[in-house]
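Visitor: Based on these hints, arrange chain B with the ligands on the given structure of chain A.
If you read the protein sequences in the order shown, they are chains A and B.
In this text, residue positions in the first sequence follow the working numbering: the first is 1, and each later residue adds one.
In this text, residue positions in the second sequence follow the working numbering: the first is 1, and each later residue adds one.
Hints are computed from structural coordinates only; laboratory data are not their basis.
Watch out, some of these pointers could steer you wrong.
Restricting the straight-line Cα-Cα distance to at most 20 Å, the calculated cross-link-like pairs of lysine to any residue (SDA-like) are [to be verified]:
1) B:Lys160 <-> A:Asp85
2) B:Lys160 <-> B:Val215
3) B:Lys160 <-> A:Gly52
4) B:Lys160 <-> A:Thr55
5) B:Lys188 <-> B:Ala172
What follows is the residue order along each chain.
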Amino acid sequence: MNWQIELRRVGKEYNERPVLQDISASVTAPGVWTILGPNGSGKSTLLKIIAGLLTPTEGEVVYLHNGERLNAQQRRQVVGMVAPDIALYRPLTAIENLRFFARARGVRVQDGDLLSLLEQVHLRSRAHDPVATFSTGMVQRLKVLTALVHRPPVLLLDEPGSNLDEAGMEFIRHTVRVQAEHGIVIVATNDTRELDYGEPLIQLGA
Amino acid sequence: MSRSSSWAREALAVFGKDCLLELRTRVALGAVLLFAVTSVVASGFALAPPSGVAGEVKASLLWVIVFFAAIAGLSRVFVVEEETRTADALRLAVSPTGVFVGKLAFNIALMWALCVVTVPLYLLLLEVPVRHWSLFVTVVILGSTALACATTAVGAIVAKATMRGALFGVLAFPVALPPLLVAIHATKAAWLSEGGWRMATGDLQVLVGFMLVIVPASLLVFEHIWSE
Ligand SMILES: Nc1ncnc2c1ncn2[C@@H]1O[C@H](COP(=O)(O)OP(=O)(O)OP(=O)(O)O)[C@@H](O)[C@H]1O
Ligand SMILES: [Mg+2]
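Extracted from the complex, chain A is given alone in its bound form (with noise of 0.2 Å):
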């Protein structure tokens, strides 16, 4: 199993206003990559054209697995992404919201699978309560579970220490280093504590 991503030449202009200018890099499996760069300068942009959620301007991104190039629908299967601006459903509680993704990603689990899952991140108690009632670094926990729910090959991670305390910090660490065994993590950040994550892909300017 050899999963690979490929940016080629990607560009991208928000109504005519350049944010990224002829981006090439590859990653193949298993690894850590980062994308750093300060604020503004367009790192969650390229992550999420990376996950295939904005299209470049220019250029393009390419995802092979053994060689083959995989279509936009098998794309979406393999990737998980956390994101400061991708919510989740906040009236639904947090097994619903994971058996929501689970069952629209076709991936069959019993409520046990899901509440040992909730259990690793110390939410199970509060399993059966709103998204709404749960706090910064509680609803940050529950979208990495809900981002690994299908068990995807590369994992798209933006800012994902934000507002987490040292124990989230280390559910991040652990997170990114069980997943770096098999497949690809790509962090974008720029806060200090998540620099070493693994190696700088991207260095982006201001």
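Guide: Chain B with the ligands alone, transformed into the frame defined by chain A:
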């Protein structure tokens, strides 16, 4: 954990999720029912005694109420995902077709719920004598489904537009007019005419044909709009 893949499964998940959200928040049902029941009751009082009002007028009024209630509640199913910032999560997990079909199913269910409450109340308050019950029920089911298709289609097309409100009005008018007109005509046939089914067959065919055109067409457009 096993895995299967199809837009039908995705649509079912989206439909279930939206039903659950509706159960918790009651946003759409509240908007739709409040509008419809208020309008029906107001009409009942305003047109008293209802025996003096022509059947044609009553049939038109019923569908105008249903139509406006649909616009009040159904048009927002796509926009609400953008507003709650869950649209990207949905885009990551579900194909555009899965999203569209799931939302369409939810809107149809909402429309039927609306009709179950509103139509009997309307018949009662406006003292409508229904001559052909089976035809009338068929017209209500097909008509409300067609209106759900129309509002879902327009809602999908304007989901990411900036002048959403204005655009919705401009588009909803031509799209919803054909099913609205034939539903009114068929309703008159079910209430008043000797002919009944014979009078309304053409109308029912138009309603079905309308759905067969508008759903694939708007789905095609939606697939492009939704992912970007
Ligand atoms: N939807 C949008 N429309 C227009 N401009 C945008 C949009 N999203 C981002 N931008 C612009 O693109 C640039 C890069 O934004 P982006 O969010 O990718 O930066 P970032 O590196 O993630 O910043 P931060 O560290 O603050 O998260 C910014 O100048 C921003 O204003
Ligand atoms: Mg960012």
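Visitor: Find the hints from earlier in the document that the structure breaks and name them by number, from lowest to highest.
Guide: Hint 5 is the one this structure does not satisfy, whereas the remaining hints hold.
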